[in-house]
Amino acid sequence: MGCVCAIVFTCFCAAYGTAKAGVGVYSTAVLRPDLVVKIPVVMAGIIGIYGLVVSVLVANLPLYTGLIQFCAGLSVGLAGLASGFAIGFVGDAGVRGTAQQPRLYVGMILILSYLREIRRMRS
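Read in order, the letters of the sequence shown are residues -21 to -1, 1 to 102 in mature numbering (1 follows the signal peptide of the UniProt record, and there is no 0).
Because the hints were derived from the structure by calculation, they are not lab data.
Using N, Cα and C, we set each Cβ at its ideal position, and we do this for glycine too.
Just to be clear, a hint being listed does not mean it is correct.
To be verified - Ranges of calculated distance between the beta carbons of each label pair, as one might list FRET restraints:
(1) Leu36 / Leu89: 48 to 58 Å
(2) Tyr84 / Met(-21): 37 to 47 Å
(3) Pro12 / Leu36: 37 to 47 Å
(4) Leu89 / Leu46: 21 to 31 Å
(5) Arg11 / Tyr43: 21 to 31 Å
(6) Pro12 / Tyr93: 43 to 53 Å
(7) Ala38 / Gln80: 39 to 49 Å
(8) Tyr43 / Val9: 52 to 62 Å
(9) Val(-14) / Tyr93: 18 to 28 Å
(10) Pro81 / Leu46: 45 to 55 Å
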């Protein structure tokens, strides 16, 4: 069950973050094709890879540690859920803001990096 929580929650929000950031990328590409930034889309997809790694590690543990597996998978999944939603919102707004004011690019990248690390601070 912990494997399922880790992979489902992280991949669901990786897909949501990719879609939400993709909307910002495409709306920016219409207005300013020279300022298209695809980094939020990539960062959202990385969350799903983290969930996959944790689910593979949790699946190979002995059965008597079932509750520990469930809690580990749930914490990774919920941290990925929060991180994916946040990356989606920041990616959408950040890409649109960067199209209007190019100096916002560094701030957007820093915020996206910190949001990606939410999943590490789950303990």
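The hints, checked one at a time:
| no. | hint | result |
| --- | --- | --- |
| 1 | Leu36 / Leu89: 48 to 58 Å | violated, 29 Å |
| 2 | Tyr84 / Met(-21): 37 to 47 Å | holds, 41 Å |
| 3 | Pro12 / Leu36: 37 to 47 Å | holds, 42 Å |
| 4 | Leu89 / Leu46: 21 to 31 Å | violated, 37 Å |
| 5 | Arg11 / Tyr43: 21 to 31 Å | violated, 57 Å |
| 6 | Pro12 / Tyr93: 43 to 53 Å | violated, 29 Å |
| 7 | Ala38 / Gln80: 39 to 49 Å | holds, 46 Å |
| 8 | Tyr43 / Val9: 52 to 62 Å | holds, 56 Å |
| 9 | Val(-14) / Tyr93: 18 to 28 Å | holds, 24 Å |
| 10 | Pro81 / Leu46: 45 to 55 Å | holds, 50 Å |
In the structure shown, a violation is registered for the earlier hints numbered 1, 4, 5, 6, in ascending order.
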